[in-house]
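Peer 1: Protein sequence lines, in the order shown, are assigned to chains A and B.
Numbering that gives the first Met the number 0 numbers the first residue of the first sequence as 0 and each following residue consecutively.
Numbering that gives the first Met the number 0 numbers the first residue of the second sequence as 0 and each following residue consecutively.
Derived by calculation from the structure, the hints in this document are not laboratory data.
It is possible that some hints are incorrect.
Copies of one chain are not kept apart here, so a pair can be met inside one copy or by any two copies together.
[Said to hold, decoys possible] Below, a list of computed lysine to aspartate or glutamate pairs in the EDC-like style, where the Cα atoms sit at most 20 angstroms apart:
1) Lys-93 <-> Glu-275
2) Lys-242 <-> Glu-106
3) Lys-188 <-> Asp-18
4) Lys-132 <-> Asp-166
5) Lys-158 <-> Glu-64
6) Lys-132 <-> Asp-54
7) Lys-161 <-> Asp-197
8) Lys-161 <-> Glu-64
9) Lys-132 <-> Asp-273
10) Lys-93 <-> Asp-18
11) Lys-158 <-> Glu-70
12) Lys-163 <-> Glu-106
13) Lys-161 <-> Glu-79
14) Lys-163 <-> Asp-273
15) Lys-188 <-> Asp-251
16) Lys-161 <-> Asp-252
17) Lys-132 <-> Glu-106
18) Lys-161 <-> Glu-106
Each chain, letter by letter, is given below.
2 protein chains.
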Amino acid sequence: MPANPPLYAYIHGQFTPLDQAFLHISDLAIQRGYGVFDFFKVHAGEPLFLNAYLDRFYRSAQLLELAVPLERAALAGVIEQLIQRNNLPLSGIKMVLTGGYSANGYEPGVPNLLLTEQPLALPTPEQVATGIKLITHDYVREVPPAKTINYATGIRLLKQIKAKGADDVLYHHQGVVTEAPRANFFIVKHDNTVLTPDTDVLAGITRHNLLALSAPPFRIAEGRVTLAEMYQAKEAFLTSTTKRVLPVVQIDDFVLGTGRPGPVTLALLQALLDLEAQEQG
Amino acid sequence: MPANPPLYAYIHGQFTPLDQAFLHISDLAIQRGYGVFDFFKVHAGEPLFLNAYLDRFYRSAQLLELAVPLERAALAGVIEQLIQRNNLPLSGIKMVLTGGYSANGYEPGVPNLLLTEQPLALPTPEQVATGIKLITHDYVREVPPAKTINYATGIRLLKQIKAKGADDVLYHHQGVVTEAPRANFFIVKHDNTVLTPDTDVLAGITRHNLLALSAPPFRIAEGRVTLAEMYQAKEAFLTSTTKRVLPVVQIDDFVLGTGRPGPVTLALLQALLDLEAQEQG
Chain A
0 MPANPPLYAY IHGQFTPLDQ AFLHISDLAI QRGYGVFDFF KVHAGEPLFL NAYLDRFYRS
60 AQLLELAVPL ERAALAGVIE QLIQRNNLPL SGIKMVLTGG YSANGYEPGV PNLLLTEQPL
120 ALPTPEQVAT GIKLITHDYV REVPPAKTIN YATGIRLLKQ IKAKGADDVL YHHQGVVTEA
180 PRANFFIVKH DNTVLTPDTD VLAGITRHNL LALSAPPFRI AEGRVTLAEM YQAKEAFLTS
240 TTKRVLPVVQ IDDFVLGTGR PGPVTLALLQ ALLDLEAQEQ G
Chain B
0 MPANPPLYAY IHGQFTPLDQ AFLHISDLAI QRGYGVFDFF KVHAGEPLFL NAYLDRFYRS
60 AQLLELAVPL ERAALAGVIE QLIQRNNLPL SGIKMVLTGG YSANGYEPGV PNLLLTEQPL
120 ALPTPEQVAT GIKLITHDYV REVPPAKTIN YATGIRLLKQ IKAKGADDVL YHHQGVVTEA
180 PRANFFIVKH DNTVLTPDTD VLAGITRHNL LALSAPPFRI AEGRVTLAEM YQAKEAFLTS
240 TTKRVLPVVQ IDDFVLGTGR PGPVTLALLQ ALLDLEAQEQ G
């Protein structure tokens with residue numbers, strides 16, 4: 000069996016084998032955790048919803064006062080070349096923009112732009128079939144509309160999540176639910192309306208795509224979701240680029256509905272899959 | 000004039016010229032801003048208050064569930080060798096411990112330990128002589144007792160600080176004062192008592208050293224400081240390893256006392272300098 004060909008990354012303005020992609024330790028991501036990123040899927044050579052992801056990436060950079068070193072058309076060109084070089088059937092591309100090499104270890108330099116492409120790590124079929132469990136934690140991300148690289152709270156909680164037999168954590172602030180570290184959150188109420196928190200959340204592309212599906216038979220809206228409302232929901236799910244619509248069946252000690260992925264959740268997953276297929280043309 | 004000899008860093012378990020010290024981009028500091036650090040001064044080859052800084056570094060690592068790859072005695076030995084190699088008259092050593100090379104871009108790997116030593120960047124004599132200006136911002140650091148690498152809020156505010164003609168930002172949460180991004184904060188009240196916030200603050204070594212000076216003529220304590228109390232203070236100052244005791248003369252639109260560094264602040268600066276001289280033996 001032939002070895003896999005090396006994957007390429009884009010760094011310092013050129014394509015480099017991923018295993019040779021390094022940053023000097025003066026970079027402000029290493030010194031001060033300073034940077035933004037974004038992540039999108041590529042199916043059979045075609046990025047899905049690329050414009051929405053590029054919009055958000057440039058907006059995140061602006062919110063952290065970082066200049067993306069490539070104009071949008073040039074960045075789209077680099078993405079296309081990276082896809083051609085790596086030639087993966089199904090992948091995710093991650094774009095990271097750091098604070099750059101800092102002269103004094105605190106003030107940003109010229110931002111470093113990194114692009115990597117890797118095979119996609121999707122939820123397991125078991126997770127989709129049985130649903131996942133969440134714990135809750137009081138925390139609001141800094142600059143919620145920006146997709147910053149700071150995941151200290153979520154990563155620090157990994158051991159606690161595992162110890163409690165859960166799969167992920169859901170953030171709230173003083174009882175008002177927001178999002179998971181890497182996903183937006185929705186509940187399905189007993190009248191079958193679908194609700195997703197409206198404040199202090201990342202503007203998820205999958206979240207946006209779901210909200211755009213709000214037409215009969217679906218009623219989907221943004222609004223305030225409290226912990227108490229959430230514990231009483233009939234169904235719940237996470238959305239993200241890789242998770243798509245991932246059923247949630249337990250939150251803290253509360254089993255939701257029947258304790259199995261519900262019909263509204265599964266119908267929305269199918270609707271999203273249809274939308275993705277349509278986007279691929 | 001001969002060129003400066005290259006500075007060495009310690010990375011991947013060995014001493015490497017600083018300009019050749021790189022991390023692979025899979026490191027969790029770059030991918031997720033995940034890491035802790037600490038920083039201490041070295042005078043004429045001798046680290047100042049090293050034990051206190053090592054205590055805090057190992058504590059920070061533990062709070063982020065990261066294992067320092069060197070036992071304490073071995074780390075002290077590496078520090079000693081780094082000081083001998085670089086042979087700087089006055090320097091700061093920074094120890095950074097990252098989440099390591101992550102297989103999936105989210106879960107920590109084997110932590111990477113980096114040590115760098117650089118000439119010390121002290122406040123300018125003008126800043127000490129005239130005092131500095133602060134603005135305020137509502138923010139609480141994640142895991143306040145841990146010295147994490149996350150400075151997104153402070154760095155993002157740099158432009159706003161400059162636009163307002165200020166030098167730094169002071170954090171508060173709902174009107175209760177905490178700390179600056181890289182320094183602790185003290186006020187001097189009109190009865191000459193000195194007070195520093197007691198919750199949601201980093202356990203600063205200089206802060207600790209000042210609190211230990213609380214004996215006549217000084218009365219120094221930890222306690223709650225509100226924005227209103229702070230605006231009415233007679234004097235105020237920041238403390239940190241590099242700033243020592245740095246006078247603050249204006250906060251937002253409020254000029255403190257005479258608008259010049261005050262006698263209690265300057266007496267405490269001198270007391271700290273005496274303590275440092277004593278520590279150097």
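Peer 1: Are the hints correct? Go through all of them and say.
Peer 2: Okay, the hints, checked on the actual structure:
no.: 1; hint: Lys-93 <-> Glu-275; result: within (19 angstroms within a copy, 48 angstroms between copies)
no.: 2; hint: Lys-242 <-> Glu-106; result: between (36 angstroms within a copy, 17 angstroms between copies)
no.: 3; hint: Lys-188 <-> Asp-18; result: neither (47 angstroms within a copy, 57 angstroms between copies)
no.: 4; hint: Lys-132 <-> Asp-166; result: within (5 angstroms within a copy, 46 angstroms between copies)
no.: 5; hint: Lys-158 <-> Glu-64; result: between (34 angstroms within a copy, 8 angstroms between copies)
no.: 6; hint: Lys-132 <-> Asp-54; result: neither (32 angstroms within a copy, 37 angstroms between copies)
no.: 7; hint: Lys-161 <-> Asp-197; result: neither (28 angstroms within a copy, 33 angstroms between copies)
no.: 8; hint: Lys-161 <-> Glu-64; result: between (36 angstroms within a copy, 14 angstroms between copies)
no.: 9; hint: Lys-132 <-> Asp-273; result: neither (26 angstroms within a copy, 57 angstroms between copies)
no.: 10; hint: Lys-93 <-> Asp-18; result: within (16 angstroms within a copy, 27 angstroms between copies)
no.: 11; hint: Lys-158 <-> Glu-70; result: neither (41 angstroms within a copy, 23 angstroms between copies)
no.: 12; hint: Lys-163 <-> Glu-106; result: between (40 angstroms within a copy, 17 angstroms between copies)
no.: 13; hint: Lys-161 <-> Glu-79; result: neither (38 angstroms within a copy, 40 angstroms between copies)
no.: 14; hint: Lys-163 <-> Asp-273; result: neither (35 angstroms within a copy, 51 angstroms between copies)
no.: 15; hint: Lys-188 <-> Asp-251; result: within (18 angstroms within a copy, 46 angstroms between copies)
no.: 16; hint: Lys-161 <-> Asp-252; result: within (15 angstroms within a copy, 49 angstroms between copies)
no.: 17; hint: Lys-132 <-> Glu-106; result: between (41 angstroms within a copy, 18 angstroms between copies)
no.: 18; hint: Lys-161 <-> Glu-106; result: between (37 angstroms within a copy, 12 angstroms between copies)
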